[in-house]
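With the hints as extra help, turn the sequences into a complete structure.
Each chain, letter by letter, is given below.
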Amino acid sequence: MRAKYIIAPPLLLICLTSNAFSEENMNFLSQEKKEFETPIPGGQIIFPKDHGAHTKFRTEWWYLTTNLRGDDGKEYGCQWTLFRHASEPLTRNGWEDRTMWMGHAAITSENKHLYTETLARGGVGQAAVENDPFNAFIDDWSFTALDNNFSKALVTASADDFSYRLHLESTMPFVLQGVAGYSLKSEQGQASYYYSQPFFRVDGELKINKRSVHVVGQGWMDREWSSQILAPDQKGWDWFSLHLSDGSKVMLFRLRGNLTYLSGNWIMPNGDTTALTANEIKLEPLEETKIDRHLVPTRWRVNILSHHLLIETTPLNPNSWMSVSFPYWEGPISFTGTSQGTGYLEMTGY
Amino acid sequence: MKQVFWSLAALLSHWRKHPASLVTLLMGLSIATALWSGVQALNTQARNSYNQAAAIFTQGNSQNIIAQQGGYFNQDLFIRLRRSGAKVSPIIEGRIYLQKKELKIIGVDPITTPKNLSVELVHSLKSSFDLIDKAGKAFISPETLQGLGSKSDDRLKTDRGILLPPLQPLSSVPPGVIITDIGIAQNTLARAGKLSRLVVDQRNNLNSEQVSRLTNNSLRLVAPDDSNDLTRLTDSFHLNLTAFGMLAFVVGFFIVNASVGLAFEQRLPTLRTLRALGAPAYLLVFGMLIEIAAFTLIAGLIGVTGGYLIAQELLPNVAASLEGLYGAQISSRLALDKNWFFSAFAMAGSGALLANTAGLVKTLRLPVLNVAKPIAWREINHGYLRRQALLAFLAIVIAVLTYSLGKNLLSGFAFMACGLLGTAMLLPFILALLLLVGESQSQQPLLRWLFADGRQEIPGLSLALMALLLTLSANIGIGGMVTGFRETFLAWLDERLIAEIYYETATADDARKIEAWAQSDREIDAILPVWRAKTLIENQPVELMGMTFHDTYIRHFPLLSSKENVWENLHSNDSILISEQLARRLNINIDDVLNLPTGDKDWRVTIAGIFPDYGNPKGQIRIDHDRLALHFTDASRTHYSLRVAARSTGSVMARMKAVHGEKIIRIVDQEEVKKISIGIFEKTFMITGALNTLMLIVSAVALFTSLLTLSNLRLRQVAPVWAIGVSRQILAAIELARILIFAAGVALVAIPLGVFITWGLVTIINVIAFGWRLPMHIYPMHWLMVFITSLLTALLASLVPVIQLARSKPIDLLKGFTDAR
Chain Z
20 MRAKYIIAPP LLLICLTSNA FSEENMNFLS QEKKEFETPI PGGQIIFPKD
70 HGAHTKFRTE WWYLTTNLRG DDGKEYGCQW TLFRHASEPL TRNGWEDRTM
120 WMGHAAITSE NKHLYTETLA RGGVGQAAVE NDPFNAFIDD WSFTALDNNF
170 SKALVTASAD DFSYRLHLES TMPFVLQGVA GYSLKSEQGQ ASYYYSQPFF
220 RVDGELKINK RSVHVVGQGW MDREWSSQIL APDQKGWDWF SLHLSDGSKV
270 MLFRLRGNLT YLSGNWIMPN GDTTALTANE IKLEPLEETK IDRHLVPTRW
320 RVNILSHHLL IETTPLNPNS WMSVSFPYWE GPISFTGTSQ GTGYLEMTGY
Chain E
15 MKQVFWSLAA LLSHWRKHPA SLVTLLMGLS IATALWSGVQ ALNTQARNSY
65 NQAAAIFTQG NSQNIIAQQG GYFNQDLFIR LRRSGAKVSP IIEGRIYLQK
115 KELKIIGVDP ITTPKNLSVE LVHSLKSSFD LIDKAGKAFI SPETLQGLGS
165 KSDDRLKTDR GILLPPLQPL SSVPPGVIIT DIGIAQNTLA RAGKLSRLVV
215 DQRNNLNSEQ VSRLTNNSLR LVAPDDSNDL TRLTDSFHLN LTAFGMLAFV
265 VGFFIVNASV GLAFEQRLPT LRTLRALGAP AYLLVFGMLI EIAAFTLIAG
315 LIGVTGGYLI AQELLPNVAA SLEGLYGAQI SSRLALDKNW FFSAFAMAGS
365 GALLANTAGL VKTLRLPVLN VAKPIAWREI NHGYLRRQAL LAFLAIVIAV
415 LTYSLGKNLL SGFAFMACGL LGTAMLLPFI LALLLLVGES QSQQPLLRWL
465 FADGRQEIPG LSLALMALLL TLSANIGIGG MVTGFRETFL AWLDERLIAE
515 IYYETATADD ARKIEAWAQS DREIDAILPV WRAKTLIENQ PVELMGMTFH
565 DTYIRHFPLL SSKENVWENL HSNDSILISE QLARRLNINI DDVLNLPTGD
615 KDWRVTIAGI FPDYGNPKGQ IRIDHDRLAL HFTDASRTHY SLRVAARSTG
665 SVMARMKAVH GEKIIRIVDQ EEVKKISIGI FEKTFMITGA LNTLMLIVSA
715 VALFTSLLTL SNLRLRQVAP VWAIGVSRQI LAAIELARIL IFAAGVALVA
765 IPLGVFITWG LVTIINVIAF GWRLPMHIYP MHWLMVFITS LLTALLASLV
815 PVIQLARSKP IDLLKGFTDA R
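First to last, the protein sequences are chains Z and E. Residues 20 to 369 in the numbering used here are what the first sequence lists, from first letter to last. Residues 15 to 835 in the numbering used here are what the second sequence lists, from first letter to last.
Hint data in this document are derived by calculation from the structure and do not stem from the laboratory. A portion of the hints provided could be inaccurate.
Restraint ranges, calculated between C-beta atoms of paired labels, are given here [claimed, not checked]:
no. : chain 1 : residue 1 : chain 2 : residue 2 : range
1   : Z       : Arg312    : E       : Thr319    : 46 to 56 Å
2   : Z       : Asp252    : E       : Gln216    : 37 to 47 Å
3   : Z       : Pro304    : E       : Glu157    : 50 to 60 Å
4   : Z       : Asp180    : E       : Asn553    : 29 to 39 Å
5   : Z       : Thr110    : E       : Thr620    : 46 to 56 Å
6   : Z       : Asp180    : E       : Thr319    : 53 to 63 Å
7   : Z       : Thr279    : E       : Glu157    : 55 to 65 Å
8   : Z       : Arg312    : E       : Ile690    : 58 to 68 Å
9   : Z       : Thr279    : E       : Arg347    : 55 to 65 Å
Sample of chain Z residues at the chain E side, in silico, Cβ under 8 Å [unchecked claim]:
no. : residue
10  : Gly113
11  : Met119
12  : Leu138
13  : Ala139
14  : Arg140
15  : Gly144
16  : Gln145
17  : Asp159
18  : Ser177
19  : Asp179
Note that the structure is a prediction, hence the values are computed from the model and not measured. We put the CB at the ideal spot given by N, CA and C, even for glycine.
Structural data, given as structure tokens:
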């Protein structure tokens, strides 16, 4: 999963209520909003309809992470995210609309981590997600499908000191996470609808402080929506997306509460999936990095017993801290062990 | 060390012997400081309020984007800019009426408000999730909330019947302003989808070309300074106020100078004795400097307190004046900073130092071995008059120079100040002349003595008399200007406001509906649309108003000058009428051609007439109604006036309200408009009246203190006359008569000087500051009042010294013979 449904409400709320992350805010998130719909087991995901916004759900995001190599021989990572958060399960015209939109974009290299954030209200056209053809945008950033079956897309974002323009391509079908897209997040039943496209090939251009570099690599798109929030005791999470050397993809997450909730998905190169349960996954922090006053585990040992995967992950840049309205760590990683490859790591609540 | 201590003690003992001198000196210094710092406090307060009002948009020097010709623009342009990557935040501003009070409503989008605007206000906006949830919040300054008679969380309806969100007091909101969510503000203003400006995030590197290109020339980027119209518009007003403060300081300074001069004279024997005993000159000067520092400290403290009290007392008047003139809202809670506090001390210190300079220099140069020779009054008189004459001449030369060379407000004030001071400094000569004439005309010895002795008294009193002269002439001058203005204004208002009913609708659509309805109403004789547009000429905002070809204007609309057939010209070709202020600013006249910027290009028009537009800080142009609609497609089409028979006014208005209700934002009859206009006019000059009275009080104090200090010294002059048999009562009466003669002389000089001030204000200051030239009026009845005031002031001021003289003990008079210096 992308545990972002947990991020999105605090991000949006906190940027409106205070600058600091606090437990109090998280508690607020654990209050269920009755008027919204909640994901139910067996709920069907239908394309292309579900690429669009789900206004009956409270929170939703469109997420892309890419592991790239530049013509300059350097490794890069790019992140593009659009969050939607609604105060009521409907849309209205103009400023009366109660939808909030938030975009995050970042470029990470070995020695730089550039990121930015932009906010918008719904109803006036500053940000929205249109479907058929798919087009998610906020300000001048966009994630646009270039054909009807979403096999080609263009992603753009810009900030003062960087911008990027990435062409995505994949003929593989979308991958449903959890049970047919119903992804459980706690023993108490918190869940989301969740699907991914982990097979995007990426070709594009980055601009860092006016210097351009051509890049190619792999991209991972995540789509998730929900109305149920964190379980009351859950304080944060660690999330992995891995591109293995044999073409397999792995998604893992760990939610940190009174009990640790572990889950994941093994995706075969042909797109077939096997759910990973808690007793198959072992995640072990190896090294911590202190960023400001946050102590973040940036090196990990990942062990998936059922698939004989034992790897150690290393961040491209341990200082991949997103100091936005709701601060978190997000950056490209590489790993070695029984398999080699790259991926992305996201950690919140540190 | 001992020597230092005892020298200082000897110097300071003077004040123990002459406590009245000490009180006078401190009082003069305190008053001068108080008046000056009071006026400065008012200026600071007003400027802070403008800045606070502007800070919402220009905090941290943010640039703003506004419509090419001002006014509202479509929200789509905001979206277009955001979608092009420009980090801009939308704002809508407008006026609403709450319980008949006009307030400014500002709608903001807290989500996109730039981070560099992180003042308390924006923080509060952001922290209020309520703002965009449920009913939202309407932030208002606590005093405005109180002024509405409401409390926190009250929900008020605008006079158009729109319910506002719960009111929330917040001290960082400027007075007279309501800040709320942009969507709520748009609905309240009936301007859905419209914006009035965009604030640019500082991180953005937007330039003018980009903005023009991205918006097809609909919007333009303005520098932070440009968007603060209020500061620019009110500059002249504050310069006027500062001039008043300076005048008041000069008057106060005259008191200080008089008492310091006398104190020095009194202390001269002590100084000489100390020097003879071996105290070095620099030690004495050092002692006197310490003295000055002490005076500064004490007078500074009293002055600051006094200034604060004065400012607090005058603030409502200033606020009323500024609101009347510019619609500017000033916070009525005085908030002062340390700069103001220290500048008051600096003013007190420099005043004390300046007044003492002559004394300090004399002390340094004091010849030790010279026998202490008595200084006869006539002797001082001589040198004093010569110096004064030179200064007067210099001031008048500067006045003439500034008049012929300067063209701005500052040189206008310099001209008036120099003319005023020059004339004031000539006062002793004029008085001496008057006394000389009196002396030569009288046969009786006692009368001759009265005049002769009066001339000797002039130097001691001249500063106080000059202060009185300045005050009286300011009174005549400013009073003449204000009264003249009022007469002109009222006559102009009668002609300008001819229509019986004035109304504004919510939307152009509403206006059309009401227009159609009015055409079928038998009691309505004519419907006169007064559509409005805005443009910029030479970067200054200009209002455009449409006029139909109607008798109402042809017969009544006041014009200062015009072409022949001005009305035919206006409606049949590209001609315009231009307001006096704008014509002056652009330096154009009848038949001149002007390129008027319209939506996309310039429109060449000819000036057909110039009309007076008193009290309007903005330039105004009147054009034919149809041409306005043609060239300014974005004109607001919501203002109208109606001609009806006077007796039908009430019934037509009632019918309109009943039939059209919420379509009408505001409807008033002619009487009401006049009442409002006159109210604004009266408010405009409130501060003038208050300052005039204050200055009169100060100059009375100056005269009183001078007379009091003199009375002791005068005993020496009076003693011989008493010794030859003139009773103390008669001497006192003569003393009183002499002072009244002085006062009458001062009043006589004050009249031409006052006329000079009126003339200067009407033909120079007003024209530069406000752009309108009023006809010059003179008011002899007012002069008579001033004459009487002068005599009364002198009478009041001399009462105590004269009674003292009448009751003085023979022993004191006898002392006059022994107290030889």
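Hint numbers the structure violates, sorted upward?
Violated hints: none at all, because every hint is consistent with the structure.
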